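Asker: Sequences listed follow chains A and B, in order. Residue numbering for the first sequence follows my numbering, starting at 1 and increasing by one per position. Residue numbering for the second sequence follows my numbering, starting at 264 and increasing by one per position.
Read the hints as simulated data drawn from the structure, not as lab findings. Certain hints may be false.
Said to hold, decoys possible - Part of the chain B face toward chain A, derived, beta carbon under 7 angstroms: (1) Ile320; (2) Glu327; (3) Arg338; (4) Leu342.
Quick caveat, the model's predicted, so the values are computed rather than measured. Yeah, the Cβ is synthetic: ideal placement off N, Cα and C, and Gly gets one too.
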Amino acid sequence: MSTELQLIDTIFFSDKRKNLLLLLKDGPKTIEEIKKGLNVSSSPIMAQIRIMLKEGLLVQEEDCYSLSVKGKLIVPKMEPLLSTFQVFDENHDYWARQNLRTLPPHLLDRIGELGSCKELLPQKTHIFDYPPEIMDPLYSSRTVMEISSIFRPGYPSLYLDLAIRGIEVSLVLERPIYEKLVSDYRADVEKFLNLKNTGLFVCDQKIELASSIVTDRFLSLSMVSKEGRYYNHEMVSFEKSALVWGQELFNYYKDLSEKIARI
Amino acid sequence: MQHELIDVVFRSQKRRDLLLLLGEEPRTMEEIKTLLDVSPTAILPQIKRLTDSDLVIQKNGSYELTDMGDQVFKRVKSLVNVLILLERDNYWIEHDLSGIPPYLLNKIGDLKDCKLVEPDPSQIFEPSTELLEFFSSSRYLMVFSSFYRPEFLPLYTRLARLESNVTLIFTESVLEKIMQNYEKKIRKFTTLQNTELFVCNDGVKLAELMVSDRGMMVSLFDSNGRFYYDYMSCSEPEAINWAKELFEFYKSTAWQIESEQYIDNFMCTAESETFLESMLLSLH
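Chain A on its own, in the form it takes in the complex (with noise of 0.2 angstroms):
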């Protein structure tokens, strides 16, 4: 089962091989073009690119530079594995110690979509509530979107003042969440059916996840350790394809869940 592979050696170890390679999956590119997008002098590049040409990843048709037939099936494989690593390198510690297996296996995946992660702590004064630097996102988006498995005491109020602010939102809850909001907090529980702009969704299966909230700014997830312990933490992304994965984790559990029109 052992292969050398060469190649591996011309597409990760250097960043500007490895930079330009994903720079023309876009499509092809001049040499000023490549300068301007990788920001780099003319003979350095010049160097990697000539290896490059050498490898069969690269053609040149006049002063154009563009992916091989070589390069088009090999490019695409690289993107998806550096983006997971580049995640996994963040927060090496937090990902090893969270059960990833709590999230639905086509997201988990697609881990590497997350982009660039910073995991958030609540202030001690603010132990059950959301981290300060997300709360100016939260108000600020348009849409807020939120699955839980877990009760934190700020949610009825909170989320009745984003909805009552216009702000479009939709709860995904399990059945035991819902049914403690119903319980002890009917009457903002009423108000919030009440809006137009909300959406209530009760899931009878197990939400493994903590909670995440996804919006048109942000997306943040919360986990549970391997040991199944949970800590108040978000991990936060701003990066687009972040939201979009997001979404898709909202809309995967929405689907296994039932809207609720009146308590």
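Following the hints, put chain B in place on chain A, whose structure we already have.
Answerer: This is chain B only, laid out in the frame that chain A set:
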């Protein structure tokens, strides 16, 4: 921390091999030693590097991937398969891949174990006994052909009589030529149980595709549309599944010849140009 995983996985061929091995299933040290043909002193530091990086964990006397290791494995495997495919043979980059839809091109690494079969130049106008033999005991057979291989007609009928499902897709020119020369045989074929016959437009960028439980073969045109009688063949399950999916793709673009009346109505709309081309390919 940047680029950490790239170094962990790709700076050492032993670690890469180990990751790919454990991705299949958990293994004991004994199995790792045998399968990778390494000594414990050579592999232990690499195992340690993988466990320190939270990709591998030791459990009940064997080593297995963590959740994170499994994700890393999947990404590495899908890249490495393509690199192996490209390093083993230039067939794929020297031929026209435009007949393969993007979702299958994306999985072309599944064909990494394919071997190039080049018929002896003195044999190219003879019936391909090698292929005939290979597919002779198939429990099902799917064939797409844009050239004329009359020597296969008896095999199709025989397999169908043995209750194997046989599905054929021919281009219009090929079907017309079969109708001219073997009308009775092809009519007989369509009347048998377990058979399906489809026809598709000429000009398809796929020369030939055969899939059965025994294995698969695929042959492509070169970038100038020429055909050289060589083909890629493999018996690995991933390659068979890939070929089945490609066959299903072509089936979905073809129309079925459902009964003998359809054969009567079959009109070749093939342009004379492409017809000539297929004649050239079928000199035998």
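Asker: All hints are to be evaluated individually against the structure, with a verdict given for each.
Answerer: Right, here's what the structure says about each hint:
1. Ile320: For B:Ile320, the interface hint is violated, since the closest Cβ of chain A sits about 10 angstroms away, which is over 7 angstroms.
2. Glu327: 14 angstroms, violated
3. Arg338: The hint holds - B:Arg338 has a Cβ within 7 angstroms of chain A, the shortest such distance being about 4 angstroms.
4. Leu342: 4 angstroms, holds
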